[in-house]
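*Asks:* First to last, the sequence lines map onto chains A and B. Oh and the first sequence: position 166 is 166 in my numbering, straight run, nothing missing. Oh and the second sequence: position 120 is 120 in my numbering, straight run, nothing missing.
Worth flagging that the hints you see were computed from the coordinates, not collected in a lab. Some hints could be false.
Unchecked claim - Simulated DEER-style distance windows between Cβ atoms:
hint : chain 1 : residue 1 : chain 2 : residue 2 : range
1    : B       : Ala73     : A       : Glu3      : 40 to 46 Å
2    : A       : Asp110    : B       : Leu274    : 45 to 51 Å
3    : A       : Ala198    : B       : Leu152    : 39 to 45 Å
4    : B       : Gly100    : A       : Asp110    : 46 to 52 Å
5    : A       : Gly37     : B       : Phe157    : 41 to 47 Å
6    : A       : Asp170    : B       : Gly100    : 54 to 60 Å
7    : A       : Gly12     : B       : Leu60     : 52 to 58 Å
8    : A       : Ala175    : B       : Arg87     : 43 to 49 Å
9    : B       : Phe157    : A       : Arg5      : 40 to 46 Å
10   : A       : Thr208    : B       : Leu108    : 31 to 37 Å
11   : B       : Arg87     : A       : Ser218    : 43 to 49 Å
12   : A       : Arg13     : B       : Lys119    : 39 to 45 Å
13   : A       : Gly133    : B       : Val112    : 31 to 37 Å
What the hints assert, rightly or not - Here are a few chain B residues that face chain A, going by a calculated C-beta distance under 7 Å:
hint : residue
14   : Leu152
15   : Ala153
16   : Val156
17   : Thr163
18   : Gly164
19   : Lys165
20   : Ala169
21   : Arg178
22   : Val180
23   : Asn183
24   : Gly193
Ideal Cβ placement from N, Cα and C applies to all residues, glycine included.
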Amino acid sequence: MLEVRNLRSVYGRIEVLKGIDLDVQTGEIVALVGSNGAGKTTLLRALSGVQPITSGEIRFKGQRIDRLPPHKRVELGMTQSPEGRQVFGPLTVEDNLRLGAYRRRDKAIDQDRDRIFTMFPVLAEKRHLLAGGLSGGQQQMLAIGRALMGRPKLLLLDEPSLGLSPLLVDQILDAIVSLKKDGITVLLVEQNASAALAIADRGYVLETGKVAHCGAGSALLADPKIKAAYLGIA
Amino acid sequence: MAEFLQFLISGLTVGAVYALVALGFTLIYNASGVVNFAQGEFVMLGGMVTVFVSAAGVPLPLAAVIAIGVAVAIGLLLHRFAIEPARGASAVTLIIITIGASILLRGLAAIVFDKQFHKLPAFTGDTPVDVLGAAVQPQSFWVLGGTAVVVLALYVFLEHTITGKAVLATAANRLAARLVGINTTTIMALAFGGSAAIGAIAGILVTPITLTSYDVGTLLALKGFAAAMLGGMGNPLGAVVGGLLLGLLEAFGAGYISSTYKDAFAFVVILIVLFAAPQGLFGRRVVERV
C-alpha cells in the first residue's frame with residue numbers, strides 16, 4: 001500500500017527526517033511511536049504533501065506520489081486527520097464532514113455521513129452546531145470523521161488520543177480497530193505508545209528523525225529496552 | 001427632515017461603494033491572508049474600461065461586461081505572477097507587492113487611457129426622484145440595488161455551494177483545507193478573480209455619480225480598507241456594515257460639520273478603530289474551545 005524510501009525533510013536548517021524507510025501493507029494498522037520531536041508529525045505531513053521533502057521516494061499503491069500536490073494524494077485515496085483537532089471552527093459539523101468529501105463526485109456522500117454519525121452519535125446530535133464550539137474529544141471525532149469522508153484506502157491519524165480522557169481514548173481506539181474491519185489501512189501516530197502498539201499489527205519507533213526499531217506491535221510492546229525508553233514502564 | 005434624508009441617501013450610496021471595496025478586501029484576506037491594496041484599481045478599471053469601450057461604440061451593458069472581464073483577468077494575472085510566486089513570504093512583503101501592483105496599474109491606466117476625468121451616462125436618466133422631499137439621483141438606486149445583488153450573490157456562494165464552503169474552510173484553517181483535498185491555490189485565484197469582479201462592478205455603478213480617472217483607486221482603496229477595519233477585517237457582514245457606516249459618517253459629517261473634512265472622516269475612523277478596538281465591530285472573537 002505505502003512504501004517510503006530514504007525520506008528526508010528539513011525545517012529551516014534543521015533536518016527533521018533523516019532518511020526514513022517505512023512500509024504499510026494493505027489491511028494493516030501500523031503504529032508510529034516515539035518521543036516528542038522525533039519527527040512523527042513531520043513524516044505524516046510529508047506523506048500528505050503539506051511538508052516539503054528534500055529527497056527520498058513515496059510510493060502509494062505502487063505509484064510515485066512524492067511530487068504530487070496534496071489534493072491529488074487525497075484523490076488517490078490517502079487522507080489525514082491532523083494533530084490538534086484542526087477542524088473548520090466557523091463551519092458546522094455537517095459542513096466539516098461534507099468538506100471531507102470535497103474531492104468526491106459520487107452520490108453516496110450523504111450515506112457515508114450517516115455512517116460517521118452512527119460511529120460517533122454525539123456528532124449527529126450536534127450536526128448543525130459550529131465545530132469550533134465542540135469539546136476537544138468531539139473535535140477529535142470530527143477530524144477523524146472528516147478524514148473518513150474522503151473514502152480513504154489509507155488513513156493517516158495524527159495523535160487521535162491527545163488530551164482526551166481515558167474513556168474517550170478507548171472509544172477512539174475501538175473506532176480505529178473497526179476501521180480495519182471495513183478494509184481501511186491505518187497509519188497511526190501516537191504519543192500513547194502502549195495503547196497504539198496494543199492495537200497495531202506492526203510498529204515503528206522513531207528517534208530524532210530515524211527509524212530506531214520496527215517489528216510486530218506485540219513484539220515491540222514486550223521488548224524490555226523499548227518499554228523502558230518509550231513506554232514509561234520499567 | 002428632507003435635508004436629513006438627502007444626507008442619508010447620499011451617505012448610503014457612497015457607503016455601498018465602500019462596502020463593495022471592503023468586500024473585495026475581505027474575500028482576498030480570507031482566502032490568502034493578503035491585504036490587497038490594488039483593490040481600488042479594480043474599481044478604477046471597471047469605470048475606465050466601461051467609459052472607453054462604450055465611447056468606441058459598444059452598447060453600455062456589453063461595455064460593462066467587458067470591463068468586468070478585464071478586471072477579472074488582471075486580478076488573476078496579479079495572483080498568478082505577483083502573489084503566487086511569493087507564497088510563504090511575510091505579510092509585509094505581500095502588502096508591498098500589492099502596493100507595487102497598484103502603482104503599476106495606475107501608471108498603465110494613465111498611459112493606455114489618459115489622465116482626464118470621465119463620466120458615464122446615468123443608466124436610467126438624470127431626472128431626480130422625489131423621496132419625501134429629498135431629491136435622489138436615479139443612479140443611487142442602481143448603486144444600492146447593485147450592491148444588494150452582489151452581497152446576496154456572495155452570501156449564496158459562500159453559504160450554499162461546496163466551493164464557497166471551501167473558501168471559508170481555507171480561511172479558517174489552511175492546513176486542514178489542504179489535507180481534505182482543497183486546492184488552496186485555486187481558491188486564492190478564485191478570490192482574486194471574485195474581488196476584481198466586485199471592484200469593477202462598484203466602479204461601473206458609481207462612475208455616473210462620481211466621475212472616474214486613472215487615479216481614483218487610491219482613495220477608494222483607503223476608504224474601503226477603513227470600512228473593512230471598522231467592520232472587522234475578514235468578516236463579510238462587517239465589511240458591508242463598515243462600508244455603509246463610513247459612507248453615512250462622511251455624508252453627515254460633510255453636511256452638518258464641513259465638507260472640507262469629508263475625506264478626513266475615514267482616516268479618523270481608522271485611527272479610532274486601531275487604538276480603541278483593533279478587532280473592529282464584528283471582529284473574530286476567539287470562541288474556539290481548546
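*Asks:* Indicate, hint by hint, whether the structure satisfies it.
*Replies:* To see whether the hints hold, each was checked on the structure:
A hinted range of 40 to 46 Å for the beta carbons of Ala73(B) and Glu3(A) is consistent with their spacing of about 44 Å. As the Cβ distance of Asp110(A) to Leu274(B) is approximately 46 Å, the hint placing it in 45 to 51 Å holds. Checking the proposed 39 to 45 Å range against Ala198(A) and Leu152(B) shows it is violated: the Cβ atoms sit about 55 Å from each other. Range check, Gly100(B) to Asp110(A): Cβ separation about 47 Å, and the 46 to 52 Å hint holds.
Distance hint check: the CB atoms of Gly37(A) and Phe157(B) are about 43 Å apart, consistent with the given range 41 to 47 Å. Distance hint for Asp170(A) and Gly100(B): a CB-CB separation of about 57 Å, consistent with the stated range 54 to 60 Å. Judged by the Cβ atoms, the range 52 to 58 Å given for Gly12(A) and Leu60(B) holds: they are separated by roughly 56 Å. For Ala175(A) and Arg87(B), the hinted distance range of 43 to 49 Å is not satisfied, since their beta carbons lie about 36 Å from each other.
At roughly 44 Å, the beta-carbon separation of Phe157(B) and Arg5(A) lies within the given 40 to 46 Å, and the hint holds. With their beta carbons about 54 Å apart, Thr208(A) and Leu108(B) fall outside the hinted range of 31 to 37 Å. Arg87(B) and Ser218(A) have their C-beta atoms about 45 Å apart, which keeps the hinted 43 to 49 Å range intact. Judged by the Cβ atoms, the range 39 to 45 Å given for Arg13(A) and Lys119(B) is violated: they are separated by roughly 59 Å.
A beta carbon spacing of about 51 Å between Gly133(A) and Val112(B) contradicts the range 31 to 37 Å that was offered as a hint. At a threshold of 7 Å, the smallest CB-CB gap from Leu152(B) to chain A is about 20 Å, leaving the interface hint violated. At its closest, the beta carbon of Ala153(B) sits 20 Å from a beta carbon of chain A; the interface hint therefore is violated under the 7 Å criterion. At its closest, the beta carbon of Val156(B) sits 15 Å from a beta carbon of chain A; the interface hint therefore is violated under the 7 Å criterion.
This hint is violated: Thr163(B) has a C-beta 9 Å from the nearest C-beta of chain A, more than the 7 Å allowed. Interface restraint check: Gly164(B) against chain A, minimum CB-CB distance 10 Å, threshold 7 Å, status violated. Interface hint status for Lys165(B): upheld, as the beta-carbon distance to the closest one in chain A is roughly 6 Å, under 7 Å. Annotation: interface hint on Ala169(B) holds; nearest CB of chain A at approximately 5 Å, less than 7 Å.
Given hint, Arg178(B) at the interface with chain A, holds; its Cβ is 5 Å from that chain's nearest Cβ, closer than 7 Å. Using the Cβ-Cβ criterion of 7 Å, the hint placing Val180(B) at the interface with chain A is satisfied: the shortest such distance is roughly 5 Å. The beta carbon of Asn183(B) is positioned within 7 Å of a beta carbon in chain A (closest approach about 5 Å), and the interface hint is therefore held. Of the supplied interface hints, the one on Gly193(B) is violated, with its beta-carbon coming no nearer than about 19 Å to a beta-carbon of chain A, more than 7 Å.
Comparing the model with each numbered hint stated earlier shows that hints 3, 8, 10, 12, 13, 14, 15, 16, 17, 18, 24 do not hold.
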